[in-house]
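Enquirer: Here is what each chain is made of, one letter per residue.
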Amino acid sequence: MKKNSVETPSTHTIHKDPGARKEKTIHIVLLLAATVSLLALFLITAFVVGEGWPVMVKHGPLNLILGTDWTPSRLSFGMLPQLTGTLLVTLGALLIAVPLGVGCAIFLAELSSEKVANLLRPCISLLAAVPSVVYGFLGVIALVPLLRSTFGGSGYSLLAGSIVLAIMILPSIINISEDTLRALPIDYREASLALGSTRWQTIWRVLLPAARPGIVVSIILAMGRAIGETMAVMMVTGNRAKVTGALLDPGATMAGTIGLEWSYAADEHSSALFALGTFLFIVIMLLNGVAQLVTSRGRVSQ
Amino acid sequence: MMQSAKISVQDFSLYYGAFHALKKISLGFPPRSLTALVGPSGCGKSTLLRSLNRMNDLIAGVRVEGRVSLEGSNIYDPDVDVVPLRKKVGMVFQRPNPFPMSIFENIAYGPRVHGEKKRSRLQDIVEQSLKSAALWDEVKDRLDSPALKLSGGQQQRLCIARLLAVEPEVLLMDEPCSALDPIATEKVEELVMDLKKKYTIVVVTHNIAQAARISDYLAFFYLGEMIESGVTRQLLTNPTKHQTEDYLTGRFG
Ligand SMILES: Nc1ncnc2c1ncn2[C@@H]1O[C@H](COP(=O)(O)OP(=O)(O)O)[C@@H](O)[C@H]1O
Ligand SMILES: [Mg+2]
Numbered sequence: 001m002k003k004n005s006v007e008t009p010s011t012h013t014i015h016k017d018p019g020a021r022k023e024k025t026i027h028i029v030l031l032l033a034a035t036v037s038l039l040a041l042f043l044i045t046a047f048v049v050g051e052g053w054p055v056m057v058k059h060g061p062l063n064l065i066l067g068t069d070w071t072p073s074r075l076s077f078g079m080l081p082q083l084t085g086t087l088l089v090t091l092g093a094l095l096i097a098v099p100l101g102v103g104c105a106i107f108l109a110e111l112s113s114e115k116v117a118n119l120l121r122p123c124i125s126l127l128a129a130v131p132s133v134v135y136g137f138l139g140v141i142a143l144v145p146l147l148r149s150t151f152g153g154s155g156y157s158l159l160a161g162s163i164v165l166a167i168m169i170l171p172s173i174i175n176i177s178e179d180t181l182r183a184l185p186i187d188y189r190e191a192s193l194a195l196g197s198t199r200w201q202t203i204w205r206v207l208l209p210a211a212r213p214g215i216v217v218s219i220i221l222a223m224g225r226a227i228g229e230t231m232a233v234m235m236v237t238g239n240r241a242k243v244t245g246a247l248l249d250p251g252a253t254m255a256g257t258i259g260l261e262w263s264y265a266a267d268e269h270s271s272a273l274f275a276l277g278t279f280l281f282i283v284i285m286l287l288n289g290v291a292q293l294v295t296s297r298g299r300v301s302q
Numbered sequence: 001m002m003q004s005a006k007i008s009v010q011d012f013s014l015y016y017g018a019f020h021a022l023k024k025i026s027l028g029f030p031p032r033s034l035t036a037l038v039g040p041s042g043c044g045k046s047t048l049l050r051s052l053n054r055m056n057d058l059i060a061g062v063r064v065e066g067r068v069s070l071e072g073s074n075i076y077d078p079d080v081d082v083v084p085l086r087k088k089v090g091m092v093f094q095r096p097n098p099f100p101m102s103i104f105e106n107i108a109y110g111p112r113v114h115g116e117k118k119r120s121r122l123q124d125i126v127e128q129s130l131k132s133a134a135l136w137d138e139v140k141d142r143l144d145s146p147a148l149k150l151s152g153g154q155q156q157r158l159c160i161a162r163l164l165a166v167e168p169e170v171l172l173m174d175e176p177c178s179a180l181d182p183i184a185t186e187k188v189e190e191l192v193m194d195l196k197k198k199y200t201i202v203v204v205t206h207n208i209a210q211a212a213r214i215s216d217y218l219a220f221f222y223l224g225e226m227i228e229s230g231v232t233r234q235l236l237t238n239p240t241k242h243q244t245e246d247y248l249t250g251r252f253g
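Residue numbers (my numbering), protein chains in the order written: chain F, 1 to 302; chain P, 1 to 253.
Since the hints were made in silico from the structure, they are not lab data.
Mixed in with the good hints, there may be bad ones.
[As the list claims (entries may be wrong)] A few chain P residues that face chain F, going by a derived Cβ cut-off under 8 Å, partial list only:
| # | residue |
| --- | --- |
| 1 | Pro30 |
| 2 | Asn53 |
| 3 | Met55 |
| 4 | Lys87 |
| 5 | Phe93 |
| 6 | Asn97 |
| 7 | Tyr109 |
| 8 | Arg162 |
Glycine included, C-beta positions come from ideal geometry on N, C-alpha and C.
Produce the entire structure from the sequences given, and follow the hints as far as they go.
Expert: Structural data, given as structure tokens:
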């Protein structure tokens, strides 16, 4: 009896069972899906690069990147203003949203009662569901006047863009960071508290470092969204294509410029917008790469 | 036994919501000796152990009655701060739970949160603690490698070292060997035998043979009650209560 029950499975596994064929089919379907999406990505890239190519060749990529004057009417396409504008707005948004978002995540995961957390969480999801044009609107009617009366100037500024973006990227930072914190084993908390550390020391020295990979991922996603965001940013930054380091100055972003000028651009101007899009692509890829590196290093050190 | 106890519980009851998990327990733990808590699974051993450094405070709906005295003062008094209490009364858990950091950082963690900043002093503490936990020779060349890469038995000894680094007075251990293989178990047992010369140790175990090997005193629990306690050898050879005898002869648990 015992012998039989041992032998049955082994004779069974050397024959192909019907499940194996089904698995193969699934495998092929998934492979196909992956190929199609890769192909789509390739086509989009090829199209954007192709359309931008004439301007790239005519002016040279380095001149485009380092050029400080963007005047389409004179066929002058220096993209440094948009490049720095994008980086500043994104950096500003992250500086505001990361501490706030991670703080919220800590509160929800570690400090608040389940009741309060369950009340707050849907509100945060709602924040993510608001269309970006609405954020732009709120920026124009509330934030821009506030900045104007506080700091002077027009109020349309890179800072306004940063603040609006910060609010927009907050939900994803909060959600992913909270999930990461909640997924940490209770053992870490118990071990730390049992050594006589305070709750805050436990959060700061044990839980946050352990959750770092997840938090970095949330920041990557937020950054991707911030760099590519068009409508809300376009509505509040003032879209002045001039290189500036001051957050209170008006400025332009890459995505904002494309969104704004696309409807009337023709010929070389339109090609220049595609070239701008190509650089936007590259910037996002580079930042993603850096972030990937950070996460993989984080994982190794654990 | 009650008088000279380092830590003792008196008429101590604990409720998880409506569930009465510990019923009027009175028991003392003498200094520089090892007391084992034994009994069938679910009888409240872990609950009692976690009551001794108020780890049960973390569980919602827990209510206690009675006293737990550490050197005469009740740790459940309203003005007691659990942070210094837990520094004095430390705990090793059933599952080894090192932090996801290097070996060095794991051990330096406790001294750091208690204010030690000097690198050289931390290095001394780490070395001393690892030596006391009989782990130094195995890890001295890779203090910077992740603690989670150690074997289960090494991880548990690391957790003991991490605990020793904060200089506790009482060590609580909840089935510290249940996740370990026999060789690792033997190492931890040897270590505990050595540590009890210095510390007051309370060990939960469901392994009677282990309790016989390592403990000086024994307390037997059943369904939330302490049935009897005493010197290990006497209690094992001469139990006075029939539940104890049934348990020891393997009729349940
Ligand atoms: N967090 C909890 N909430 C409710 N009941 C619990 C909790 N922890 C333990 N218990 C119950 O208390 C009793 C004692 O548990 P425990 O102390 O873990 O037993 P032991 O360690 O002796 O196996 C068990 O009946 C268990 O189900
Ligand atoms: Mg237990």
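Enquirer: Using Cβ atoms only, decide whether phenylalanine 93(P) comes closer than 8 Å to chain F, and label the hint accordingly.
Expert: holds (7 Å)
Enquirer: Per the CB criterion, is arginine 162(P) less than 8 Å away from chain F?
Expert: holds (7 Å)
Enquirer: Just to be careful: measuring from the Cβ of tyrosine 109(P) to every Cβ in chain F, is the smallest value less than 8 Å?
Expert: Nearest chain F Cβ about 7 Å off; hint holds.
Enquirer: Should the hint that asparagine 53(P) touches chain F count as held when the rule is a Cβ pair under 8 Å?
Expert: At 7 Å from the nearest chain F Cβ, asparagine 53(P) passes the 8 Å test, so the hint holds.
Enquirer: With 8 Å as the cut and Cβ atoms as the points, is lysine 87(P) at the interface with chain F?
Expert: Since chain F brings a Cβ to about 3 Å from lysine 87(P), closer than 8 Å, the hint holds.
Enquirer: Less than 8 Å between beta-carbons is the criterion; does proline 30(P) satisfy it with respect to chain F?
Expert: Hint on proline 30(P): violated, closest Cβ of chain F at ~22 Å, above 8 Å.
Enquirer: Taking the least C-beta to C-beta distance, is methionine 55(P) closer than 8 Å to chain F?
Expert: holds (6 Å)
Enquirer: How about asparagine 97(P): closest beta carbon in chain F under 8 Å, or not?
Expert: Holds: closest Cβ of chain F sits about 4 Å from asparagine 97(P), inside 8 Å.
The structure fails hint 1 only (numbered hints given earlier).
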